[in-house]
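Please take these sequences and the hints and turn them into a complete structure.
Each residue of the sequence shown is one higher than the one before, counting from 1 in the working numbering.
Take the hints with a grain of salt, since some may be wrong.
[Stated by the list, open to error] Derived DEER-like restraints, expressed as beta-carbon distance ranges:
1) Lys30 <-> Ile101: 16 to 22 Å
2) Leu158 <-> Gln133: 16 to 22 Å
3) Val322 <-> Phe27: 41 to 47 Å
4) Pro26 <-> Leu2: 36 to 42 Å
5) Val309 <-> Asp199: 25 to 31 Å
6) Gly279 <-> Val309: 29 to 35 Å
Just so you know, these hints were derived from the structure itself, not from any lab.
Every residue gets a Cβ at the ideal spot worked out from N, C-alpha and C, and that includes glycine.
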Amino acid sequence: MLERVLLIALLVSFGVAVILSPLFIPFLRKLKFGQSIRDEGPESHQKKSGTPTMGGIVIVLSIIATTIFISLQYLSFSLEILLLLLVTVGFGLVGFLDDYIKVVKKRNLGLTSKQKLVGQLIIAGLFYWGLLQLGISTVITIPATTISLDIGWLYLPLVIVMLVGASNAVNLTDGLDGLLAGTGAIAFGAFAILAWYADLIDVAIFSAAIVGAVLGFLVFNAHPAKVFMGDTGSLALGGAIAAIAIMTKQELLLVLIGGVFVIETLSVIIQVISFKTRGKRVFKMSPLHHHYELSGWSEWRVVVTFWMVGMILAVLGIYLEVWM
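Structure (structure tokens):
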């Protein structure tokens, strides 16, 4: 029964995204909500300037519609679902404001980093309050071991770091056509399996709904992209995957399953530290996907390679949790 509901959630969300995208793309183009490409980025990306952005609205709407439909049809509307929607919609709203400022002012700078952080912290605080109402454990477990540790009050800063860190890491990964949509579908698919294995029905269905939404969006976001998800989508997805990892008590496994996002973030950190301390760049450009582009790889080759890396890490994460 659960497997059938998961499949329904995935298909419904996919269908909603596929139906909404062709309606939103002309609307966004009419409003001139086009992407501004930063001058310091790869020169080949300049031709993408003007491509409709804020397509993440479609992803978020698909997730909301599917989750509500499945909850009313097969489940009850639980606090777990409410909290997952809170994080996804909340972080998506922060991204929407960022995107809106960018397209209205026609510049590649939206909200300041402090403004983003304040919004993310408020949502993280509300999410943690909800976790307290659920009575969620503050114990974290090291994957593939029986080692566990109750970190007590330190769980709050962990939740904050996970939500803020994941949202920004996922945001950094959104730099090539289909890159984030594909790696996101893989990572959320892995967590859907883990939630199903742990008998966390609500979380599994929510994860499946996200997989369907990003795959439906990928139909129009694959190279050459007809629409970009913008910060509306990337921040929403980043917050969602961290919230799901927390709900499934796979806090540390997020680092492995979301390994592509971690690698992208580390490449930026390494580049900045190296340039500031040595005056030299380690990569031709960061995040890492741009390094491979400037090394002569086609955009599609970079994207597919990162998808494969994401798939390997996701399978490894499932293996460590389910079979070890």
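The hints, checked one at a time:
1. Lys30 <-> Ile101: 16 to 22 Å: holds, 19 Å
2. Leu158 <-> Gln133: 16 to 22 Å: holds, 18 Å
3. Val322 <-> Phe27: 41 to 47 Å: Cβ of valine 322 to Cβ of phenylalanine 27: about 43 Å, so the range 41 to 47 Å holds.
4. Pro26 <-> Leu2: 36 to 42 Å: This hint holds: roughly 38 Å between Cβ atoms.
5. Val309 <-> Asp199: 25 to 31 Å: holds, 30 Å
6. Gly279 <-> Val309: 29 to 35 Å: Taking Cβ atoms as reference, glycine 279 and valine 309 lie about 30 Å apart, which means the hint holds.
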